[in-house]
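Engineer: Sequence:
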Amino acid sequence: MFRKKENEKALSRREIIDQWLELFPFRQMDYESGDDDRITVLVPHPENWLTRKLLPKPKHPAQKIRLDEIGSFVWRHFDGKHSINTICEKLDEKFGKRVESSRERTVIFAQQLYKNSYIKVFSKKNSDQSTAEDPAGDL
1 MFRKKENEKA
11 LSRREIIDQW
21 LELFPFRQMD
31 YESGDDDRIT
41 VLVPHPENWL
51 TRKLLPKPKH
61 PAQKIRLDEI
71 GSFVWRHFDG
81 KHSINTICEK
91 LDEKFGKRVE
101 SSRERTVIFA
111 QQLYKNSYIK
121 VFSKKNSDQS
131 TAEDPAGDL
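For the sequence shown, the working numbering begins at 1 and goes up steadily by one.
The hints are simulated quantities; they were obtained by calculation from the structure and are not laboratory data.
Note that the Cβ used here is the ideal one computed from N, Cα and C, for glycine as well.
Estimated spans, in silico, between C-beta atoms of each pair: (1) 89 with 61: 35 to 41 Å; (2) 59 with 33: 20 to 26 Å; (3) 22 with 48: 32 to 38 Å; (4) 123 with 59: 38 to 44 Å; (5) 96 with 42: 28 to 34 Å.
Below 27 Å or equal to it, Euclidean Cα-Cα: the simulated DSS-like pairs (lysine-lysine) are: (6) 94 with 120; (7) 120 with 81; (8) 115 with 64; (9) 81 with 125; (10) 81 with 124; (11) 125 with 115; (12) 120 with 90.
Input sequences plus hints: build the corresponding full structure.
Structural biologist: In structure tokens:
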């Protein structure tokens, strides 16, 4: 009943990472840059009518998520101009050995942001045309 169809091939972890490395992420949330050059992502509160009726009005217009130095660096490059692979190369240049397995870690970070709708990703199949895309899978 819950088996995969025989003609559907499950992607390996390596194949999923390789697919994500080709994608171009761009931010969907507003953010602030602090004095220490770290990013704070501003996530708006839900606009559900039931939530507005039952819960008191929040004191702050948005929830704030503070990123560390590496997360802030990656967030700044989620601009739709850099592929995840390019971001990983820049990450390796800047942080060197501080960031081990940067490709896998950056892909997992991008997947988490994508699942929460903080970013969108697209694929540039050719230079003139870009298409929005739902990534193949999770790790």
